[in-house]
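Novice: Single-letter residue listing:
Protein chains: 2
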Amino acid sequence: MTKAMMNKGGVFIVSGPSGSGKDTLLVKLFEKMPEIKFSISCITRGMREGEKQGEKYNFITKEEFLGMIERDELLEHNRYVGNYYGTPKAPVMQAVENGCDMVIEVDVNGAEKIREKMPEAVSIFIMPPSFDELERRLSGRGTESAEIVAERMNNSLREIERASEYDYIVINDDIDTAVDDIMSIILSQRLKLDRIRYIIDEVLEKC
Amino acid sequence: MTKAMMNKGGVFIVSGPSGSGKDTLLVKLFEKMPEIKFSISCITRGMREGEKQGEKYNFITKEEFLGMIERDELLEHNRYVGNYYGTPKAPVMQAVENGCDMVIEVDVNGAEKIREKMPEAVSIFIMPPSFDELERRLSGRGTESAEIVAERMNNSLREIERASEYDYIVINDDIDTAVDDIMSIILSQRLKLDRIRYIIDEVLEKC
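From first to last, the protein sequence lines stand for chains A and B.
So the first sequence is numbered by this note's numbering: it starts at 4 and just counts up by one.
So the second sequence is numbered by this note's numbering: it starts at 4 and just counts up by one.
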């Protein structure tokens with residue numbers, strides 16, 4: 004048997020509020036660990052400029068989405084401003100079976116639902132380094148009104164209040180350090196007894 | 004408050020049988036992470052050539068050792084061929100309080116006892132990559148008798164049978180990879196919610 008056949012992959016839930024720098028961080032992570040799979044969400048909203056089918060999202064119809072809910076094909080789903088968003092179950096299960104690590108980027112509510120269905124999933128919350136830095140990042144180029152910035156801050160802080168539901172906290176101050184941090188979490192999980200137990204049997208097999 | 008004041012250190016139990024290459028691996032680990040503390044065992048046997056007081060061991064008298072047992076100053080201890088070996092509790096507790104990571108090198112029996120007293124300790128078992136490689140390493144330069152090699156193999160295999168008591172398994176095939184593996188375990192532990200929770204309060208503090 005090959006290692007891949009015996010060794011299951013890990014599921015990593017990654018959340019972080021607006022201003023945490025999560026998106027840039029994940030791009031860098033996939034550059035450094037191209038073997039990691041990324042969960043592609045299904046969504047029912049229209050495609051925006053620059054988006055491609057199957058890249059970050061699979062754009063499907065509302066009927067298709069409702070069918071997936073009915074057939075229990077989603078790990079979690081959500082409705083936002085009339086559109087549905089969800090994480091398909093099959094690609095995650097397949098990655099795990101094939102020994103591949105899978106990253107699911109999802110908000111705090113989605114993370115909660117996935118954790119219920121997959122208690123073995125490891126969850127990582129990306130934090131801005133401070134309140135002031137979060138405010139600075141969310142103010143953008145200073146063109147937004149104070150009201151919009153305040154609303155963004157409020158949304159991010161509501162998410163941060165739930166950071167203690169996660170297994171690991173990564174502070175995104177210096178992006179390279181934060182990428183290394185996530186890598187160490189993923190690498191260390193590969194060394195967990197349950198994922199590497201086969202080597203014990205392999206060495207003892209000849210006794 | 005400084006980070007160090009709020010953030011406790013981690014305790015890492017490292018075991019590995021003869022032939023796992025554990026000693027060389029730990030030397031390299033301390034070169035790469037000089038901030039890690041190493042638990043110095045107390046022993047009652049005489050000093051051997053090349054050994055220094057307080058380097059790997061503190062050489063003490065049998066009376067001193069029995070006093071430490073009586074005052075419950077040891078995390079674990081063992082008697083072997085008339086001599087006592089033990090892990091003093093105080094330096095470990097002090098390192099944890101000061102936010103330092105502490106590595107305790109100990110055998111499978113010692114690991115079991117420390118785990119009972121400190122269930123939060125993270126344990127790592129160093130494995131040889133295969134039965135054949137273990138045999139090759141334990142045969143040394145081929146000058147030992149078949150009997151001695153067989154006894155060494157037997158001792159190592161008895162330890163490997165207990166590898167499943169550990170949290171993490173590190174396969175020491177390529178030493179640099181194995182050092183990186185241990186580093187990723189130690190680094191990822193620093194990101195565990197319980198050790199980094201302060202940042203959530205820090206960011207939310209201004210709300």
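Everything labelled a hint here was simulated from the structure, so no lab data went into it.
A couple of the hints might just be wrong.
Which copy? The list can't say, so a pair holds if one copy fits it or any two copies do.
[Claimed, not checked] Straight-line distance between alpha carbons at most 20 Å, and here's what the computed SDA-like set of lysine to any residue pairs gives:
#, residue 1, residue 2
1, 120, 52
2, 195, 122
3, 31, 74
4, 35, 153
5, 35, 190
6, 195, 177
7, 31, 64
8, 120, 28
9, 209, 27
10, 55, 103
11, 55, 145
12, 209, 146
13, 195, 124
14, 209, 67
15, 55, 27
16, 65, 29
17, 209, 134
18, 11, 57
19, 92, 82
20, 31, 203
Novice: Does each hint hold? Answer for all of them.
Specialist: Hints versus structure:
Taking the shortest Cα distances, residue 120 and residue 52 never come within 20 Å of each other, neither inside one copy (34 Å) nor across copies (58 Å). Proximity of residue 195 and residue 122 under a CA criterion of 20 Å is satisfied in both settings, with 15 Å inside one chain copy and 17 Å between copies. Taking identical chains as interchangeable, the C-alpha atoms of residue 31 and residue 74 are never at most 20 Å apart, the minima being 35 Å within one chain and 53 Å between chains. Taking CA atoms no more than 20 Å apart as the test, residue 35 paired with residue 153 passes in neither setting, with 35 Å inside one copy and 44 Å between copies.
Taking CA atoms no more than 20 Å apart as the test, residue 35 paired with residue 190 passes in both settings, with 12 Å inside one copy and 18 Å between copies. Taking CA atoms no more than 20 Å apart as the test, residue 195 paired with residue 177 passes between copies only; the shortest distance there is 18 Å, against 28 Å inside one copy. Proximity of residue 31 and residue 64 under a CA criterion of 20 Å is satisfied in neither setting, with 31 Å inside one chain copy and 56 Å between copies. Taking the shortest Cα distances, residue 120 and residue 28 never come within 20 Å of each other, neither inside one copy (26 Å) nor across copies (39 Å).
In this homomeric assembly, residue 209 and residue 27 never come within 20 Å of each other (Cα to Cα): the closest approach is 48 Å inside a single copy and 26 Å across copies. Taking the shortest Cα distances, residue 55 and residue 103 never come within 20 Å of each other, neither inside one copy (24 Å) nor across copies (47 Å). Taking the shortest alpha-carbon separations for residue 55 and residue 145, neither the intra-copy value of 30 Å nor the inter-copy value of 63 Å comes in at or below 20 Å. For the identical chains of this complex, residue 209 and residue 146 are neighbours neither inside a copy (69 Å) nor across copies (24 Å), given an alpha-carbon limit of 20 Å.
Taking CA atoms no more than 20 Å apart as the test, residue 195 paired with residue 124 passes in both settings, with 13 Å inside one copy and 14 Å between copies. In the homo-oligomer, the alpha carbons of residue 209 and residue 67 never lie at most 20 Å apart, since the shortest distance is 53 Å inside one protomer and 44 Å across protomers. Proximity of residue 55 to residue 27 under the C-alpha cut-off of 20 Å is restricted to the intra-copy arrangement: shortest distance 18 Å within a copy versus 50 Å between copies. Taking identical chains as interchangeable, the C-alpha atoms of residue 65 and residue 29 are never at most 20 Å apart, the minima being 28 Å within one chain and 57 Å between chains.
In this assembly of identical chains, the alpha carbons of residue 209 and residue 134 lie at most 20 Å apart only when taken from different copies (7 Å versus 58 Å within one copy). When the C-alpha separation of residue 11 and residue 57 is checked against a cutoff of 20 Å, the pair qualifies neither within a copy, at 25 Å, nor between copies, at 44 Å. Only within a single protomer do residue 92 and residue 82 lie at most 20 Å apart by alpha-carbon distance; the minimum there is 17 Å, versus 54 Å between protomers. Taking the shortest alpha-carbon separations for residue 31 and residue 203, neither the intra-copy value of 34 Å nor the inter-copy value of 24 Å comes in at or below 20 Å.
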